[in-house]
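Chains as they are written, first to last, in my numbering: chain P, 1 to 111; chain B, 1 to 113.
No incorrect hints appear here.
27 Å max Cα-Cα, derived DSSO-like pairs, lysine-lysine:
id: 1; chain 1: P; residue 1: K98; chain 2: B; residue 2: K64
id: 2; chain 1: B; residue 1: K66; chain 2: P; residue 2: K98
id: 3; chain 1: B; residue 1: K20; chain 2: B; residue 2: K55
id: 4; chain 1: P; residue 1: K70; chain 2: P; residue 2: K36
id: 5; chain 1: P; residue 1: K36; chain 2: P; residue 2: K67
id: 6; chain 1: P; residue 1: K70; chain 2: P; residue 2: K56
id: 7; chain 1: P; residue 1: K98; chain 2: P; residue 2: K36
id: 8; chain 1: B; residue 1: K55; chain 2: P; residue 2: K98
id: 9; chain 1: B; residue 1: K55; chain 2: B; residue 2: K66
id: 10; chain 1: P; residue 1: K56; chain 2: P; residue 2: K67
id: 11; chain 1: B; residue 1: K14; chain 2: B; residue 2: K64
id: 12; chain 1: P; residue 1: K68; chain 2: P; residue 2: K98
id: 13; chain 1: P; residue 1: K36; chain 2: B; residue 2: K20
id: 14; chain 1: P; residue 1: K36; chain 2: P; residue 2: K106
id: 15; chain 1: P; residue 1: K98; chain 2: B; residue 2: K20
Hints were generated in silico from the structure; no laboratory data involved. Quick caveat, the model's predicted, so the values are computed rather than measured.
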Amino acid sequence: GEDVEQSLFLSVREGDSSVINCTYTDSSSTYLYWYKQEPGAGLQLLTYIFSNMDMKQDQRLTVLLNKKDKHLSLRIADTQTGDSAIYFCAEMERGYQKVTFGIGTKLQVIP
Amino acid sequence: GAVVSQHPSWVICKSGTSVKIECRSLDFQATTMFWYRQFPKQSLMLMATSNEGSKATYEQGVEKDKFLINHASLTLSTLTVTSAHPEDSSFYICSAGGTGEAFFGQGTRLTVV
Chain P
1 GEDVEQSLFL SVREGDSSVI NCTYTDSSST YLYWYKQEPG AGLQLLTYIF SNMDMKQDQR
61 LTVLLNKKDK HLSLRIADTQ TGDSAIYFCA EMERGYQKVT FGIGTKLQVI P
Chain B
1 GAVVSQHPSW VICKSGTSVK IECRSLDFQA TTMFWYRQFP KQSLMLMATS NEGSKATYEQ
61 GVEKDKFLIN HASLTLSTLT VTSAHPEDSS FYICSAGGTG EAFFGQGTRL TVV
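Just chain P, same shape as in the assembly:
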């Protein structure tokens, strides 16, 4: 079955860049997502990338996709304290809307 893995925790200083990494196993993934979850809140879609793309940039967010290695990363430039949250990597398999999530990376931003 599909599997998505990511590290549990990342700590950065305010103003630095954060890079959250994720690996997945399903080679038929069509969309790969980054969701943000703040404490007690639902999921917020941050950005997504089609599987035929290598990179997508959206303001402070940069997503890099290495299909060969099945590796996805999210870079947050100029990280702010408001970026502190849990970030979920997720993939959607081809032809189906089911989403498989990673365990989530808790980002802690130190002022």
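Fit chain B to the given chain P structure using the hints.
Quick look at chain B alone, frame taken from chain P:
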């Protein structure tokens, strides 16, 4: 983007009672909706796929008699936790898909006391 509304946001119920959670797609029709559950400090796990007009498809290990899903219209799916127990306390989230995207509700935090 599309909006998925989930209600209630939080609920506290007594052990043995049933709780219904609603998931609505507000500006699009969803023939398929998904229900996820998130245990503390764990990822979201798919519980079941809700299909409009037919029976839901449950993931392995999910009790279909305990977690009743009804998808009676193209904009509404409900999840009913029957005879709730404290171990059912969790964060439940629904999603509905547009073309290539999955939109999530706000989630429901269920606490069974």
